[in-house]
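Based on the hints, put chain B in the right spot on chain A.
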Amino acid sequence: MGAKTLLSHSLRIAWKDLTELFRNRLGLVLLILMPLFMMVMVGFIYPSGGSTATNLPVALANEDAGFGNSTIASQTFIMGLQQINAGTSMLALSNASTANEIKNLVQKGDIQGGIVIPNNFTASVLNGEQGTLIIITDQSNPQVSATIQAALSAVFNQMGTMLAQQNVQTLSPAVNENNSLAIVKPYNIQTEGVVPGTPSYFDFIAPGIMAMTVMMSVMTGLPVAISQEKEIGTLDGMMVAPINRLSIILGKTLGQTARGLLQGVIILILSVGLFGVAINGSILLVFALLLLGVFSFVGLGIVITSFAKDQETAQMAMMTLMFPMMFLSGVFFPIQQMPWYMQGISKVLPLTYASQALRKVMVLGAGIPEITTELTVLIVFGVIMTAIAVPVFRRMMTR
Amino acid sequence: MENESIIEVKNLTKTFNKFTAVNDISFNVKKGEIFGLLGPNGAGKSTTLRMLSTLARPTKGTAKIGGYDIVEKDTEVRKLIGIVSEKMIMYNRLTARENLSFFGNLFNIPKNVLDKRIDELLELVKLTQWKNSQVGTFSTGMRQRMNVIRALLNMPQVLFLDEPTLGLDPQSSVEIRDFIKKLNQENGTTIIITTHMMVEADLLCDRIGIMDHAKIVALDTSTNLKRLISGSDTTILKLEIGNLSPVIIEAIRACKCTDAVSQENLTHLRIIAHGDEAFDSVIDAVRAKNGNINSMENLQPTLEDVFLHITGHEVRDNANEKMPMEMGHGRFGGSPQGRTR
Numbered sequence: 001m002g003a004k005t006l007l008s009h010s011l012r013i014a015w016k017d018l019t020e021l022f023r024n025r026l027g028l029v030l031l032i033l034m035p036l037f038m039m040v041m042v043g044f045i046y047p048s049g050g051s052t053a054t055n056l057p058v059a060l061a062n063e064d065a066g067f068g069n070s071t072i073a074s075q076t077f078i079m080g081l082q083q084i085n086a087g088t089s090m091l092a093l094s095n096a097s098t099a100n101e102i103k104n105l106v107q108k109g110d111i112q113g114g115i116v117i118p119n120n121f122t123a124s125v126l127n128g129e130q131g132t133l134i135i136i137t138d139q140s141n142p143q144v145s146a147t148i149q150a151a152l153s154a155v156f157n158q159m160g161t162m163l164a165q166q167n168v169q170t171l172s173p174a175v176n177e178n179n180s181l182a183i184v185k186p187y188n189i190q191t192e193g194v195v196p197g198t199p200s201y202f203d204f205i206a207p208g209i210m211a212m213t214v215m216m217s218v219m220t221g222l223p224v225a226i227s228q229e230k231e232i233g234t235l236d237g238m239m240v241a242p243i244n245r246l247s248i249i250l251g252k253t254l255g256q257t258a259r260g261l262l263q264g265v266i267i268l269i270l271s272v273g274l275f276g277v278a279i280n281g282s283i284l285l286v287f288a289l290l291l292l293g294v295f296s297f298v299g300l301g302i303v304i305t306s307f308a309k310d311q312e313t314a315q316m317a318m319m320t321l322m323f324p325m326m327f328l329s330g331v332f333f334p335i336q337q338m339p340w341y342m343q344g345i346s347k348v349l350p351l352t353y354a355s356q357a358l359r360k361v362m363v364l365g366a367g368i369p370e371i372t373t374e375l376t377v378l379i380v381f382g383v384i385m386t387a388i389a390v391p392v393f394r395r396m397m398t399r
Numbered sequence: 400m401e402n403e404s405i406i407e408v409k410n411l412t413k414t415f416n417k418f419t420a421v422n423d424i425s426f427n428v429k430k431g432e433i434f435g436l437l438g439p440n441g442a443g444k445s446t447t448l449r450m451l452s453t454l455a456r457p458t459k460g461t462a463k464i465g466g467y468d469i470v471e472k473d474t475e476v477r478k479l480i481g482i483v484s485e486k487m488i489m490y491n492r493l494t495a496r497e498n499l500s501f502f503g504n505l506f507n508i509p510k511n512v513l514d515k516r517i518d519e520l521l522e523l524v525k526l527t528q529w530k531n532s533q534v535g536t537f538s539t540g541m542r543q544r545m546n547v548i549r550a551l552l553n554m555p556q557v558l559f560l561d562e563p564t565l566g567l568d569p570q571s572s573v574e575i576r577d578f579i580k581k582l583n584q585e586n587g588t589t590i591i592i593t594t595h596m597m598v599e600a601d602l603l604c605d606r607i608g609i610m611d612h613a614k615i616v617a618l619d620t621s622t623n624l625k626r627l628i629s630g631s632d633t634t635i636l637k638l639e640i641g642n643l644s645p646v647i648i649e650a651i652r653a654c655k656c657t658d659a660v661s662q663e664n665l666t667h668l669r670i671i672a673h674g675d676e677a678f679d680s681v682i683d684a685v686r687a688k689n690g691n692i693n694s695m696e697n698l699q700p701t702l703e704d705v706f707l708h709i710t711g712h713e714v715r716d717n718a719n720e721k722m723p724m725e726m727g728h729g730r731f732g733g734s735p736q737g738r739t740r
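These protein sequences, in sequence, are chains A and B.
Each residue of the first sequence is one higher than the last, beginning at 1 in our numbering.
Each residue of the second sequence is one higher than the last, beginning at 400 in our numbering.
Just chain B, with the same shape it has in the complex:
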């Protein structure tokens, strides 16, 4: 069951008049996976998500979710999925409870089951005490938590998240990411997430599809994508240790993962190591000799480097073409629709 594909996408294409938003993409998503679509604004991520969540009809190609065709069996697909859209799906003049109850009823969930589930979900995101307040009075972070649990009312097997941390402060972003991780681990929910933030994709996703100009240009795990550049699993670390001593350096050298250690000055070390555990092993070694780590820098190739390597341009390039939209959403807008009405 582990490797069974829950989403199968074949040659999916979407054109608006003459503009091709999504151009002949194919991929599979395994059950229980967190799958990320990474790319600049306007790359076609959201359109892909809208097609998969039955909100837009593909121009060409097919996709199946849980074995159901997204066009032919859209109602069946809808029962399996939840969507957290970039725009917050909730009514400002309704209370948190009323909002959840309204959307829950559209899924034909029996009243007693629904009431219980709403209470659980509100508790899960710590909104219980606000359940009878109108969501128009909520902060952006609270609204986004509402937005996420709304998508979970029907206990979806597949959850689509379109830029779920866009416009959130760092703390709220972390909360949302933790929640997504937890959901995936505890309920085995398959998660498809779009983001233009490299760090987010790196932190969350099992596999990442990099999208650029309506195409998927690379698809693999974060580590494998980075190997495209370095060709190995080499990690480059820069450590600043206040009480640096020969004993500590020796201890680091002794680690299995360490390839080389060089002292740059009185307090700084540059360490070349390999393997996924490199980080932890080095830190453990320093700590074992009572070393005080003042700062640490990871010089591992980033996804940003990968994107640059594959597409030949930086993520910002595309974003700049769509500057007005970017500004409206991310920079100044806070939440896409804010609290205005």
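Bound-form chain A, shown alone:
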């Protein structure tokens, strides 16, 4: 039996599977909803890294007693704070009378933090000492309190710089504004990415989710599709036909791959259209990578198919494998944050390499030379798994 007949039979089987899929309205809707939910969920729940926190409820208590009749330092500080906040609207400022009142409000949950200007503030500043400010944080919510601390530190930092610049200019009128800044802040940090623009968390997860959906779709779809046909008996119909056993598995794989790629395309369209993800590399390379990812996973799917007696077992086996893979392959969390032993596991998962390569291509605009390591790993993994899977599958077929 030639390769041509093998392929033609495979295509028939794939076509049949896809026809069934497209006639299943509810199934189709879910096929589109699943990636959408995934994107929305993951994209909006996880913090996006940058300073996107806005309108954090924070109270301000001015306990400044002044120096003589002047409260100039605290007045200046409050004005400056309001000015900066008007630009960033990072904080939703309210007033409180004392530090204790702020603590009370935090306990009640009305505010998430507070700023206290102590009573010796103007006195210290006018005496040429450091002016101390107190930030009150909500310890029950470390993440929010860290955000507030960071936000306030940024504000204080900016105000401190402004004040220092003014002081330098007052001390030495010859110094102009730029020079004064250089004196106060001798170093300036500028961040530059490989490609223009600032990537959001979506840019980080979109390639990973794409790789994951396509590969998972094949890995889970294949055992389910075959064990389902085994259960309802239609597999026998194919088995009694004089066709190569491989065309059954190949056809099923093609069908599932098409289904997976369809989901991949949906994610791509959603990412670009709805979440503003930019694709900096070649779109063809993106699809080639998705296909390679499928190839590297198919073997695993076939092995599970061969061992699972029914649909339920197949599904359970897939779930067991899927969850660790989802979280260990760096799709949602950077691998570098994991402890070394977890990093070790993630290094043997093909999804790690697929999502890494896809990220390089989509976010960084990398070409084939930059992702040769990932490509090699995926190909080797695929070849080894297929070499194991095919004989196992043949044995299952003639039980």
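Because the hints were derived from the structure by calculation, they are not lab data.
Keep in mind that the hints are not guaranteed to be accurate.
To be verified - Here are the simulated DSS-like cross-link-like pairs (lysine-lysine), alpha carbons at most 27 angstroms apart as the crow flies:
hint, chain 1, residue 1, chain 2, residue 2
1, B, K409, B, K463
2, B, K581, A, K230
3, B, K486, A, K230
4, B, K655, A, K230
5, B, K417, A, K309
6, A, K230, B, K459
7, B, K580, B, K486
8, B, K472, A, K4
9, B, K409, B, K515
10, A, K309, B, K459
11, A, K230, B, K530
12, A, K309, B, K486
13, A, K4, B, K478
14, B, K655, B, K614
15, B, K580, B, K525
16, B, K515, A, K4
17, B, K510, A, K4
18, B, K688, A, K230
19, B, K463, B, K478
To be verified - Okay, the calculated bits of chain B under chain A, using three or more residues with CB under 8 angstroms as the criterion:
hint, stretch
20, 450-463
21, 480-486
22, 490-497
23, 515-528
Source: prediction; values computed, not measured.
Every residue gets a Cβ at the ideal spot worked out from N, C-alpha and C, and that includes glycine.
Same frame as chain A, but now just chain B:
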């Protein structure tokens, strides 16, 4: 050619772990024969059929179909056979045509030939008007007709049918049986059928192999199997004739096949006759004298009696051991997989 064996089974055995499903069975099936495997659920009929149709690999023993070994030359065997499995082999979301065309293509039948054959087959089972409807919307009877013609796409020389009337209403069962008979008579297709229904085996099969506990315990024609009990071809008839008269009784006595006639009461006669034509001759004699037959009972030994005689237990005994399966399939299930998805 008539007596040439198309299927030769030698010492066929199938074990699953420690359970022996089929234990060292041997038989031959002649070309053009309708061969029945009769026995309770779990006797090993289906496993035998699965091995012969290359779906399961024998643990021991060999079988040849059309001269091809079922293991060594499985692809050649597959070209010769068709299988109507207990589970319906069709996809609910595909139309009747699409289903047939899908399976037909797997047999490499050229498109124009296949299209013509599909039309003919659909016409044959009166499904032409539904050809573009999804089979998920079909009734159980329609689905089973589809299931049968699907197996005929490659014009098989040997057709395997696994409980083809299971879960069908009496009318559909009759349709399927008639169709099988017709197929056998018109195309000379050799037919191997498994059933646990004695009547079905009796109606259809030229020869019957009775299976029990993984073995074939008896194999012969229905008539010969019954002779195992009666030792002759004696028929016992009970007739109820509304206008019974001495003239009618005399006419029956006059038949060559009649051995004895006794009048039980005003309208009932008990007739002992011999030979295969006994039935017809007696009825003809009554009709010739304008007798009105109200009812008739055949007291001939049944296959049920034969099974009891050979195995020492009733067909139900084994079935009861597998009650959950029996219930799922036959009693309440309707069709094995129903129309659910």
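We went through each hint and held it up to the structure:
Between the alpha carbons of B:K409 and B:K463 the distance comes to roughly 9 angstroms, so the proposed pair stays at or under 27 angstroms and holds. Distance check on the hinted pair: B:K581 and A:K230 sit about 31 angstroms apart at the alpha-carbon level, beyond 27 angstroms; violated. At most 27 angstroms may separate the alpha-carbon atoms for a hinted pair to count; B:K486 and A:K230 meet this at roughly 10 angstroms. Distance hint between B:K655 and A:K230 is unfulfilled; the C-alpha atoms sit about 58 angstroms from each other, more than 27 angstroms.
Note on B:K417 and A:K309: the hinted pairing holds, with a Cα-Cα distance of about 18 angstroms set against a maximum of 27 angstroms. A distance of roughly 25 angstroms separates the Cα atoms of A:K230 and B:K459; the hinted pair therefore holds under the 27 angstroms criterion. This hinted pair checks out: B:K580 and B:K486 have alpha carbons roughly 21 angstroms apart, not beyond 27 angstroms. For the given pair, B:K472 sits about 21 angstroms from A:K4 by alpha-carbon distance, which is consistent with the 27 angstroms threshold.
Between the alpha carbons of B:K409 and B:K515 the distance comes to roughly 39 angstroms, so the proposed pair goes past 27 angstroms and is violated. Note on A:K309 and B:K459: the hinted pairing holds, with a Cα-Cα distance of about 24 angstroms set against a maximum of 27 angstroms. A hinted pair counts as satisfied when its Cα atoms are at most 27 angstroms apart, and A:K230 with B:K530 qualifies at roughly 25 angstroms. In summary, the hint linking A:K309 to B:K486 is supported, as the alpha carbons are separated by about 17 angstroms, within the 27 angstroms threshold.
Simply put, A:K4 and B:K478 have alpha-carbon atoms about 19 angstroms apart, close enough for the 27 angstroms limit, and the pair holds. For the proposed pair B:K655 and B:K614, the alpha carbon gap of about 41 angstroms is over 27 angstroms, so the pair is violated. Restraint check for B:K580 and B:K525: the C-alpha separation of about 17 angstroms stays at or below 27 angstroms, so the hint holds. Among the hinted pairs, B:K515 with A:K4 is consistent with the structure: their alpha-carbon atoms are about 25 angstroms apart, no more than 27 angstroms.
Only pairs whose Cα atoms come within 27 angstroms are accepted, and B:K510 paired with A:K4 is accepted, the gap being roughly 16 angstroms. Note on B:K688 and A:K230: the hinted pairing is violated, with a Cα-Cα distance of about 61 angstroms set against a maximum of 27 angstroms. Taken as a hint, the B:K463 and B:K478 pair is honoured in the structure, with Cα atoms around 13 angstroms apart against an allowance of 27 angstroms. Beta-carbon proximity to chain A at under 8 angstroms applies to 5 residues in the stretch 450-463 of chain B; the threshold of 3 is reached and the given coverage holds.
Against chain A, the stretch 480-486 of chain B contributes 6 residues with a C-beta closer than 8 angstroms to a partner C-beta. That satisfies the three-residue criterion, and the hint holds. Under the rule that three or more residues need a Cβ within less than 8 angstroms of chain A, the assignment of the stretch 490-497 of chain B holds, with 4 such residues. Counting residues of the stretch 515-528 of chain B whose CB falls under 8 angstroms from any CB of chain A gives 0; the rule of at least 3 is not met.
Hint violations for this structure: numbers 2, 4, 9, 14, 18 and 23, all remaining hints satisfied.
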